[in-house]
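Those sequence lines, one after another, are chains E and B. The first sequence runs contiguously to residue 248 in our numbering. The second sequence runs contiguously to residue 248 in our numbering.
Since the hints were derived computationally from the structure, they do not count as laboratory data. Any given hint could be a false lead.
[To be verified] DSSO-like mimics (lysine-lysine), calculated; alpha carbons at most 27 Å apart, straight line: (1) Lys191(E) with Lys229(B); (2) Lys29(E) with Lys229(B); (3) Lys29(E) with Lys117(B); (4) Lys191(B) with Lys229(E); (5) Lys29(B) with Lys229(E); (6) Lys229(E) with Lys117(B); (7) Lys186(E) with Lys186(B); (8) Lys29(B) with Lys117(E); (9) Lys35(B) with Lys55(B); (10) Lys186(E) with Lys191(B).
Now for the letters of each chain:
Number of protein chains: 2
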Amino acid sequence: MNIILIRPHEIDRDRVVLEDHRAEHIVKVLRSDKGDRVNVGILDGKTGFATIEKIDRKRPFQVKLFLNIDQDPPAPPLTDVILALPRPIVFRRIIHQLTSLGVGQVFVINASRVEKSYWEASIVSDNGWREYVITGLEQAVDTRMVPITFHRGFKPFMLETVPELSNRYASMLVAHPGACTSISKIGIHKTRPVLVAIGPEGGWNDFELALMRSQGFVEFTIGARILKVETAAAAIHAQISLMREMS
Amino acid sequence: MNIILIRPHEIDRDRVVLEDHRAEHIVKVLRSDKGDRVNVGILDGKTGFATIEKIDRKRPFQVKLFLNIDQDPPAPPLTDVILALPRPIVFRRIIHQLTSLGVGQVFVINASRVEKSYWEASIVSDNGWREYVITGLEQAVDTRMVPITFHRGFKPFMLETVPELSNRYASMLVAHPGACTSISKIGIHKTRPVLVAIGPEGGWNDFELALMRSQGFVEFTIGARILKVETAAAAIHAQISLMREMS
Numbered sequence: 002m003n004i005i006l007i008r009p010h011e012i013d014r015d016r017v018v019l020e021d022h023r024a025e026h027i028v029k030v031l032r033s034d035k036g037d038r039v040n041v042g043i044l045d046g047k048t049g050f051a052t053i054e055k056i057d058r059k060r061p062f063q064v065k066l067f068l069n070i071d072q073d074p075p076a077p078p079l080t081d082v083i084l085a086l087p088r089p090i091v092f093r094r095i096i097h098q099l100t101s102l103g104v105g106q107v108f109v110i111n112a113s114r115v116e117k118s119y120w121e122a123s124i125v126s127d128n129g130w131r132e133y134v135i136t137g138l139e140q141a142v143d144t145r146m147v148p149i150t151f152h153r154g155f156k157p158f159m160l161e162t163v164p165e166l167s168n169r170y171a172s173m174l175v176a177h178p179g180a181c182t183s184i185s186k187i188g189i190h191k192t193r194p195v196l197v198a199i200g201p202e203g204g205w206n207d208f209e210l211a212l213m214r215s216q217g218f219v220e221f222t223i224g225a226r227i228l229k230v231e232t233a234a235a236a237i238h239a240q241i242s243l244m245r246e247m248s
Numbered sequence: 002m003n004i005i006l007i008r009p010h011e012i013d014r015d016r017v018v019l020e021d022h023r024a025e026h027i028v029k030v031l032r033s034d035k036g037d038r039v040n041v042g043i044l045d046g047k048t049g050f051a052t053i054e055k056i057d058r059k060r061p062f063q064v065k066l067f068l069n070i071d072q073d074p075p076a077p078p079l080t081d082v083i084l085a086l087p088r089p090i091v092f093r094r095i096i097h098q099l100t101s102l103g104v105g106q107v108f109v110i111n112a113s114r115v116e117k118s119y120w121e122a123s124i125v126s127d128n129g130w131r132e133y134v135i136t137g138l139e140q141a142v143d144t145r146m147v148p149i150t151f152h153r154g155f156k157p158f159m160l161e162t163v164p165e166l167s168n169r170y171a172s173m174l175v176a177h178p179g180a181c182t183s184i185s186k187i188g189i190h191k192t193r194p195v196l197v198a199i200g201p202e203g204g205w206n207d208f209e210l211a212l213m214r215s216q217g218f219v220e221f222t223i224g225a226r227i228l229k230v231e232t233a234a235a236a237i238h239a240q241i242s243l244m245r246e247m248s
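Please put together the full structure from these sequences, using the hints given.
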């Protein structure tokens with residue numbers, strides 16, 4: 002936790018009292034004292050620091066902070082992701098990872114090789130994904146809640162949602178191990194967002210690839226080695242960021 | 002498991018009998034039948050296919066294979082990694098990840114921000130790391146056992162081991178979030194290996210950075226966001242691979 006995130010409704014005249022894992026973090030990991038400063042941010046708002054006004058080191062931990070929040074958070078990331086719904090334990094790690102690397106928005110979709118049971122997991126159905134976005138923001142010192150939306154129909158998403166979205170993007174890409182084109186041959190716009198689709202374990206099937214192609218997605222590969230989705234997601238994000246930087 | 006890896010000593014006149022998790026994989030995941038072919042490779046050797054001569058679908062599973070091994074494995078990867086020893090659960094994931102992305106050799110070293118207790122973990126002391134290399138190879142369809150060596154003294158490693166190694170490398174890099182230079186400003190040699198040092202959670206300290214600099218390491222950053230080591234490792238590897246491709 003490299004920043005302590007506070008919800009706007011928790012603030013009372015520039016002060017906030019923490020009694021949960023954030024208080025525990027200040028007491029046990031940071032080992033802070035009264036008068037010390039800690040990094041804080043308002044969820045979906047600015048960042049800054051807070052001064053510890055009161056600290057109770059015994060369980061239940063309690064920390065009272067006085068806030069000094071006047072810095073803009075990092076600019077919204079320029080990479081948006083379409084992700085074929087992974088198995089819940091992998092999905093958690095990917096959310097954390099993409100959020101920490103910086104992602105604008107995530108569209109989670111169905112695909113032929115997505116197991117139906119994944120859609121019943123609490124990370125999807127009970128908004129369980131939110132906590133993994135939060136830990137990703139806490140890791141990377143950001144405040145912007147990443148919107149994650151779920152689209153259970155692959156065809157309606159591609160035929161109805163994508164056409165509405167496509168204006169936003171300088172390019173739309175689909176990662177596919179069988180593709181011939183390396184990301185190095187694809188320009189990434191310096192200042193306009195890119196949308197990249199990352200498939201399920203086992204990849205997209207031919208129908209899915211054909212439909213994405215027909216909607217304007219460009220196939221690319223990051224190499225011949227078969228990777229787990231979570232490894233591929235980090236590698237794809239990193240290569241797109243580098244191409245953007247070099248453009 | 003995208004390839005079934007066999008140890009040379011298991012082979013008897015082009016045949017091997019599997020009775021462990023590999024047999025279970027063939028029966029339960031691949032759902033193969035007698036006469037079917039499966040992808041196989043010899044650990045530290047060639048790859049090819051095997052024909053199922055006999056299959057026993059009841060526990061304990063047993064599969065008898067006839068081997069047809071005549072393909073060269075992928076060329077040895079050109080990225081070697083120095084890794085400050087992470088916490089065991091993270092170390093596992095990084096070994097799998099780096100092996101699947103492709104790594105020539107890993108030097109695991111100590112650093113000021115490495116917790117001493119990590120050195121007692123079985124993944125270090127009992128060669129527990131080997132099984133995570135194997136799963137990485139099985140993932141990425143490779144056969145080459147990645148050598149991982151452990152160096153508990155930071156200074157002796159940098160002052161004695163590195164000078165002996167440095168001839169092998171076209172460049173030696175150290176990832177450091179505070180550095181000013183992006184990897185995009187650093188050339189990666191097309192055909193000669195690179196050595197990249199990845200620090201502990203919290204980063205290298207000033208002494209460590211200074212010593213590495215004095216030994217010829219060049220600092221670079223992959224961005225301002227603070228990442229978990231496992232996310233950073235995949236991102237760094239991916240960006241180095243892309244720069245090599247573009248050089």
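Below or equal to 27 Å on CA atoms is what counts here, so check Lys29(B) against Lys117(E).
-> The given pair, whose Cα atoms are some 19 Å apart, holds under the 27 Å limit.
Assess, step by step, whether the Cα of Lys29(B) is no farther than 27 Å from the Cα of Lys229(E), and give holds or violated.
-> holds (20 Å)
Pair hint outcome, Lys191(E) versus Lys229(B) [Cα-Cα no greater than 27 Å] | holds (26 Å)
For the pair we were handed, Lys186(E) and Lys191(B), check the Cα-Cα distance against 27 Å.
-> holds (17 Å)
27 Å Cα cutoff - pair Lys35(B), Lys55(B) = Distance ~6 Å between Lys35(B) and Lys55(B) Cα, so the pair holds.
Lys186(E) and Lys186(B): Cα distance at most 27 Å?
-> Roughly 18 Å between the alpha carbons, so the hint for Lys186(E) and Lys186(B) holds.
Is the hinted pair Lys29(E) and Lys117(B) satisfied, with a Cα-Cα distance of at most 27 Å?
-> holds (19 Å)
Hinted pair Lys229(E) and Lys117(B), Cα distance within 27 Å = violated (31 Å)
Would you mind confirming whether the straight-line C-alpha gap from Lys29(E) to Lys229(B) stays at or under 27 Å?
-> holds (20 Å)
Would the pair Lys191(B) and Lys229(E) pass a check requiring their Cα atoms to be no farther apart than 27 Å?
-> Since the Cα atoms of Lys191(B) and Lys229(E) sit roughly 26 Å apart, the hinted pair holds (cutoff 27 Å).
Of the numbered hints listed earlier, the single one contradicted by the structure is hint 6.
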